[in-house]
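K.L.:
The listed protein sequences correspond, in order, to chains E and G. Numbering follows the numbering used here, in which position 512 of the first sequence is assigned residue number 512; successive positions increment by one, without gaps. Numbering follows the numbering used here, in which position 338 of the second sequence is assigned residue number 338; successive positions increment by one, without gaps.
Keep in mind that the hints are not guaranteed to be accurate.
Selected chain G positions facing chain E (Cβ under 10 Å, derived; list incomplete) [unchecked claim]:
no., residue
1, Leu11
2, Leu77
3, Leu174
4, Gly177
5, Pro291
6, Ser328
7, Gly329
8, Leu331
9, Tyr334
10, Leu339
Derived Cβ-Cβ restraints for the label pairs, each shown as a range [said to hold, decoys possible]:
no., chain 1, residue 1, chain 2, residue 2, range
11, E, Leu217, G, Tyr104, 49 to 57 Å
12, E, Asn240, G, Ile239, 24 to 32 Å
13, E, Arg295, G, Pro333, 26 to 34 Å
14, E, Leu377, G, Val281, 31 to 39 Å
15, E, Arg432, G, Arg247, 30 to 38 Å
16, G, Tyr104, E, Gly227, 35 to 43 Å
17, G, Pro122, E, Gly359, 37 to 45 Å
18, G, Asp243, E, Arg432, 41 to 49 Å
19, E, Phe302, G, Thr46, 53 to 61 Å
Far from chain E by the CB rule (all over 10 Å, computed), these chain G residues [as the list claims (entries may be wrong)]:
no., residue
20, Ser40
21, Phe147
22, Gly184
23, Gly206
24, Thr214
25, Thr248
26, Glu370
27, Lys377
Derived from the structure by calculation, the hints contain no laboratory data. It should be emphasised that the depicted structure is a prediction, and the values quoted were computed from it without experimental measurement. Glycine included, every Cβ here is placed at the ideal spot set by N, Cα and C.
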Amino acid sequence: MGKFHDRILAFAVAIGLIVAAAGFAHAGPYEDALEKFTTDEFSDTAEAVTAVATSGNPLAAPLIAALQDGRLQFSAKDKKVLIKTADDKLIDAETGKPFAGTPPDDLDTVRVNNRLRGVIDAANGALTLMAPDPNQRYESAQQVFKSRDAAVLPAVEKALESEKVARVKKVLNEARAAILLAADDTSAADRIAAIEFIRARGDQDSLALLQSLPADLPADVRAAANGAIKTVERNLALWNTVQNLWYGLSLGSVLLLAAIGLAITFGVMGVINMAHGEMVMLGAYVTYVVQDVIRTSYPGLFDYSLAIALPLAFIFSAAVGIAIERSVIRFLYGRPLETLLATWGISLVLQQAVRVAFGPTNKEVGNPSWMSGAFDLGGILITYNRMWIILFTAIVFAALLAMLRFTRLGLEMRAVTQNRQMAAAVGIRTARIDALTFGLGSGIAGLAGVALSQIDNVSPNLGQGYIIDSFMVVVFGGVGNLWGTLVGALTLGIANKFLEPFAGAVLAKIAILVFIILFIQKRPRGMFALKGRAIEA
Amino acid sequence: MMTAHPLIRLLDRGSTLFLVLLGAFAIAIPVLNLLMPEGSALHVSTYFVALFGKYVCYGLLALSIDLIWGYVGILSLGHGAFFALGGYAMGMYLMRQIGDRGVYANPILPDFMVFLNWSELPFFWYGFQNFFYAMLMVLLVPGLLAFVFGWFAFRSRVTGVYLSIITQAMTYALLLGFFRNNFGFGGNNGLTDFKDILGFNVQAEGTRNALLVTSCIALAVCFLICRAIVTSKFGKVLIGIRDAESRTRFLGYRVEAYKLFVFTVSACMAGVAGALYVPQVGIINPGEFAPGNSIEAAIWVAVGGRGTLTGAVLGAFVVNYAKTFFTSGALAPYWLFMLGGLFIGTTLFMPRGIIGTYNNWRAGHADKAEARSAEAKAAAPAQPSAAE
Chain E
1 MGKFHDRILA
11 FAVAIGLIVA
21 AAGFAHAGPY
31 EDALEKFTTD
41 EFSDTAEAVT
51 AVATSGNPLA
61 APLIAALQDG
71 RLQFSAKDKK
81 VLIKTADDKL
91 IDAETGKPFA
101 GTPPDDLDTV
111 RVNNRLRGVI
121 DAANGALTLM
131 APDPNQRYES
141 AQQVFKSRDA
151 AVLPAVEKAL
161 ESEKVARVKK
171 VLNEARAAIL
181 LAADDTSAAD
191 RIAAIEFIRA
201 RGDQDSLALL
211 QSLPADLPAD
221 VRAAANGAIK
231 TVERNLALWN
241 TVQNLWYGLS
251 LGSVLLLAAI
261 GLAITFGVMG
271 VINMAHGEMV
281 MLGAYVTYVV
291 QDVIRTSYPG
301 LFDYSLAIAL
311 PLAFIFSAAV
321 GIAIERSVIR
331 FLYGRPLETL
341 LATWGISLVL
351 QQAVRVAFGP
361 TNKEVGNPSW
371 MSGAFDLGGI
381 LITYNRMWII
391 LFTAIVFAAL
401 LAMLRFTRLG
411 LEMRAVTQNR
421 QMAAAVGIRT
431 ARIDALTFGL
441 GSGIAGLAGV
451 ALSQIDNVSP
461 NLGQGYIIDS
471 FMVVVFGGVG
481 NLWGTLVGAL
491 TLGIANKFLE
501 PFAGAVLAKI
511 AILVFIILFI
521 QKRPRGMFAL
531 KGRAIEA
Chain G
1 MMTAHPLIRL
11 LDRGSTLFLV
21 LLGAFAIAIP
31 VLNLLMPEGS
41 ALHVSTYFVA
51 LFGKYVCYGL
61 LALSIDLIWG
71 YVGILSLGHG
81 AFFALGGYAM
91 GMYLMRQIGD
101 RGVYANPILP
111 DFMVFLNWSE
121 LPFFWYGFQN
131 FFYAMLMVLL
141 VPGLLAFVFG
151 WFAFRSRVTG
161 VYLSIITQAM
171 TYALLLGFFR
181 NNFGFGGNNG
191 LTDFKDILGF
201 NVQAEGTRNA
211 LLVTSCIALA
221 VCFLICRAIV
231 TSKFGKVLIG
241 IRDAESRTRF
251 LGYRVEAYKL
261 FVFTVSACMA
271 GVAGALYVPQ
281 VGIINPGEFA
291 PGNSIEAAIW
301 VAVGGRGTLT
311 GAVLGAFVVN
321 YAKTFFTSGA
331 LAPYWLFMLG
341 GLFIGTTLFM
351 PRGIIGTYNN
361 WRAGHADKAE
371 ARSAEAKAAA
381 PAQPSAAE
């Protein structure tokens, strides 16, 4: 099917439009078109379809649907068109009322062939261009822009006349420009005007369209096209960078969320907690349990499930953390390598406990309505769940900083970190602070679990995937410095996403790991190392 | 002590007992497997031969970890990587030995390369059809990686947990890499379907027994090398580094060079362990690089007793036997609880491990006996004075 076919279609549509525009005295274009269905000629049917589609009559959509499904009946004798509904009732296509009386004896189905199916598809496109819902019109116009089907051009132009919503109008203009550019018989002036629209749109599809233009264009058109290609390319490169930044920010915030609790236990207390990932995992399972209870008992509360899960996850993970600190870790202070092994053992036990309790398979944790979906911002697509996680991470980070800076507990924590003996001498109960600090770090890991349950599989292995990354972030950023953790997480996240297009996800990750290994050689204490003798202790 | 003959220093009571036991197993198991008729009470199944051979390889891996952890204080969480690299080198040799007996019957390319539509052998596969070249690589690849890694790490004084974490990152990076098909090592399926080693069928009973004996010999030789290192003057410096690194440096020893040497030797031993492990298990895949494996190997050492060499091997046997025993029965879901408990319990209650605790107990016993005899001596001259 080539240009010829398109031209026939365009012609057919044009005829339809003329018929429509002429507006015969005795009836509207819709009624006139109906008659053509009764001739039992494919070409007439094609004209009729196009005319009906652009008529704006509310019966057009059901009529074309019926034609598509082989439910459109006609009687050549009575010049009557009837729509047979799915339950075999007959409706008069002209009035939309149920057909009364006996059906004509020469009733037959309107035949459809392949060419006609193409016309019907185009007509459907045209129909939705007129749909009452602006979102539907918008989507449909986008569809036309992508298909560049010349047959729809009249429909697009008609829709443009009546369109009031600015963003739909913009896309309709772009769709019209795309069709004009793709067609052979467009004048140079029209083409240049069309190129302007496409240049303004400036996305990947526009670039493809501009690059597909034939080589033998008039010089001025060619120049305009080349200029537009350059602009679009620059535009795309810019958005691509923005997109990578956004993805990197998103990955960085996930890393930060997972690592921030570790930054407290490892950075502030010097405890290697290999079970940190399992605290994250426990937080995710708390979310699962909360959603499970809501689903079975209070379905109306589903949108609040995360808000309910957050405090519970914090408390649960913190309690587990404190229990671990009191029962195991406090006996191992000053023996970091043994702490590492013992907490690894704890992580195995916790994983297996969850596996026995909930089974080894992934658990379904749903997105509340406000976390699902996405919106366009310029040239990038932003999903709500990523956006909320970035915001959430920022809030958690700020809250933690404020807590360490402004509360009594924070003051005591800093005191114990800086000089344990002096802190004890001025009356701080260091053992209690140790337990609370560990609880805080674990609790934040629990919060991370709630967030990660929205973007990752909730399984007993959830924590394993984050533990090495989290250690990398903390070590890279500098132990004992929350700002270092922030910078470390964002740097690694963004670097990872910028490497991915060149190297692929796995190689990017390997490159980052190798980079950190080399970086630690250069700065063994991370980017923002604590200065002084305290760290040697 | 200082005047003791080097050989006596090398073979103290524990070491002799260890070598004798190892030798006894290396002789008894093949004999009982090959010579005793099946069904006889004394017959040892071929399954057990392979299992024991596997344990011996784990023992060698544990020994290599003990050398650096127990005597230099470096906890490497990346020794699984050296083990796996040695295994891959052996696996590549075994793959080349398959020849045209593979599914695709390509005389040069292993099956997975044919499957991936590769037309020729990647350059790093050259030479692996030669056994001696492959064995050289078993030592060289892990050794070189350890040398380069250690050279960077020790020179910039990365110590303690930082070193543990970056060794873990190293094995994790290798894990990710080897999972990729285009790395040229069979992707996540790894290397398997081996047929021959040096012309002998790897599945045959005789080969399995020979591999077991070879593993025992390798373990014994490596054990002696380790003993030689730790009992020499060099070994005393190592212990000095472990207990007070800065002081040792201030005394004028080049700490980095000592660490680097031992780290590299240890990695080579881990590579040998991997190379012997692969033909006995019949497969090598990227799963061996998993960070969890390396940490598990560290716990074998901790359970047996670090800084004792014999303890490391004992720990590997005990933990792995327990693993085989528990994971094959109805208790399988509880194995991870036990393993986790082992990690926690050992560090909390038995930080010196089995051998260390035993030595302590014996030393305590000896102390008491000495104290008793001293008391008696003290009491003896006291009597006359009382008589006076």
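K.L.:
Confirm or reject each hint.
P.N.:
Structure-based check of all given hints:
The criterion of a C-beta within 10 Å of any C-beta in chain E is not met by Leu11 of chain G, whose closest approach is roughly 30 Å, and the hint is violated. Residue-level restraint check for Leu77 of chain G holds (minimum Cβ-Cβ distance to chain E is 8 Å; threshold 10 Å). Checking Leu174 of chain G against chain E by beta carbon gives a least distance of about 8 Å; that is within 10 Å, so the hint holds. Interface hint at Gly177 of chain G: satisfied, since its Cβ lies 6 Å from the closest Cβ of chain E, which is below the 10 Å cut-off.
Look at Pro291 of chain G: its Cβ gets to within about 7 Å of chain E, closer than 10 Å, so that hint holds up. Checking Ser328 of chain G against chain E by beta carbon gives a least distance of about 17 Å; that is not within 10 Å, so the hint is violated. Using the Cβ-Cβ criterion of 10 Å, the hint placing Gly329 of chain G at the interface with chain E is not satisfied: the shortest such distance is roughly 16 Å. Annotation: interface hint on Leu331 of chain G violated; nearest CB of chain E at approximately 12 Å, more than 10 Å.
Using the Cβ-Cβ criterion of 10 Å, the hint placing Tyr334 of chain G at the interface with chain E is satisfied: the shortest such distance is roughly 8 Å. Taking 10 Å as the C-beta contact cut-off toward chain E, the hint placing Leu339 of chain G at the interface holds, the least distance being around 6 Å. For Leu217 of chain E and Tyr104 of chain G, the hinted distance range of 49 to 57 Å is satisfied, since their beta carbons lie about 52 Å from each other. The supplied range of 24 to 32 Å is broken by Asn240 of chain E and Ile239 of chain G, whose beta-carbon atoms lie about 57 Å from each other.
The beta-carbon spacing between Arg295 of chain E and Pro333 of chain G, approximately 28 Å, falls within the hinted interval of 26 to 34 Å. Leu377 of chain E and Val281 of chain G have their C-beta atoms about 53 Å apart, which leaves the hinted 31 to 39 Å range violated. Distance hint for Arg432 of chain E and Arg247 of chain G: a CB-CB separation of about 35 Å, consistent with the stated range 30 to 38 Å. For Tyr104 of chain G and Gly227 of chain E, the hinted distance range of 35 to 43 Å is not satisfied, since their beta carbons lie about 54 Å from each other.
Checking the proposed 37 to 45 Å range against Pro122 of chain G and Gly359 of chain E shows it holds: the Cβ atoms sit about 42 Å from each other. About 33 Å separates the C-beta atoms of Asp243 of chain G and Arg432 of chain E, a value inconsistent with the hinted range of 41 to 49 Å. The hinted window of 53 to 61 Å between Phe302 of chain E and Thr46 of chain G holds, with their beta carbons roughly 58 Å apart. With a minimum CB-CB distance of about 40 Å to chain E, Ser40 of chain G clears the 10 Å threshold, and the non-interface call stands.
The claim that Phe147 of chain G is not at the interface with chain E holds, since no C-beta of that chain comes within 10 Å of its own (minimum 14 Å). A cut-off of 10 Å between C-beta atoms confirms that Gly184 of chain G is not in contact with chain E; the least separation is 14 Å. The beta carbon of Gly206 of chain G is kept farther than 10 Å from every beta carbon of chain E, the shortest such distance being approximately 39 Å. Every beta carbon of chain E lies more than 10 Å from that of Thr214 of chain G, the smallest distance being close to 32 Å; the non-interface claim holds.
The non-interface label for Thr248 of chain G is consistent with chain E: the shortest C-beta to C-beta separation is roughly 16 Å, beyond 10 Å. The claim that Glu370 of chain G lies off the interface holds: its Cβ sits roughly 30 Å from the closest Cβ of chain E, which is beyond the 10 Å cut-off. Annotated as non-interface, Lys377 of chain G keeps its C-beta farther than 10 Å from every C-beta of chain E; the closest such distance is 40 Å.
Against the hints set out earlier in the document, violations occur for numbers 1, 6, 7, 8, 12, 14, 16, 18.
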